[in-house]
Amino acid sequence: KNEVEQSPQNLTAQEGEFITINCSYSVGISALHWLQQHPGGGIVSLFMLSSGKKKHGRLIATINIQEKHSSLHITASHPRDSAVYICAVRLGGNNDMRFGAGTRLTVKP
Amino acid sequence: EAQVTQNPRYLITVTGKKLTVTCSQNMNHEYMSWYRQDPGLGLRQIYYSMNVEVTDKGDVPEGYKVSRKEKRNFPLILESPSPNQTSLYFCASGPLGTYGYTFGSGTRLTVV
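In order, the protein sequence lines correspond to chains B and G. Counting in the numbering used here, the first sequence runs from 1 upward without gaps. Counting in the numbering used here, the second sequence runs from 1 upward without gaps.
FYI, nobody ran anything at the bench for these hints, they're computed from the structure. No false leads were mixed into what you were given.
When the alpha-carbon atoms are kept at most 35 Å apart in a straight line, the in silico DSBU-like pairs for lysine-lysine are as follows:
hint	chain 1	residue 1	chain 2	residue 2
1	G	Lys-57	B	Lys-54
2	G	Lys-71	B	Lys-55
3	B	Lys-68	G	Lys-65
Far from chain G by the CB rule (all over 10 Å, computed), these chain B residues:
hint	residue
4	Phe-18
5	Val-27
6	Lys-55
7	Ile-60
8	Asn-64
9	Ile-65
The C-beta atom is built at its ideal place from N, Cα and C for all residues, glycine as well.
Next comes chain B alone, as it looks inside the complex (with noise of 0.2 Å):
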């Protein structure tokens, strides 16, 4: 079993939905970061988390620690945000990282 895993692989959207992407994790972390990754191949930081709640434009991370959970929420989708969204966690006590499968995300114009 991977330690971070993702929900769903892929997902459809129509422009103007919101969407949630969702990650677990089984290990004990000190900080959880949200990727994008453009079809070109590049990859940006949307946000680091170690506890509560970040919001950036349309953009919103959540973390539960208790329950080892994260979300990522984009409100009013766009055709740009077609992107993979990748969950990474930072582990405990040392600073290894672990990575999710990815999401592909497609929003449709």
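Fit chain G to the given chain B structure using the hints.
Positioned in the frame of chain B, the structure of chain G alone reads:
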């Protein structure tokens, strides 16, 4: 412009020929790290560094070396590349604490 610069972007090499992929950042970040990305396996961490002269193994360090002699540079060295090291490599840097990382544009390496 704040950035992480990786070179080269593309490289085709032969088995056993030593190579170095360079990574440089201009943001005075303490943390730097190397990852590889493979179809079906996703991203995996190779090595990371918390500061100058401090390096640690990640998930898949076998066959790789790194050094951190200066804060801005974190080269990835393949002493004797093999075909199973064909992959897309990313370097990233970040400040210590709960801040996000900045990623380089990636290096696509093919070992034949």
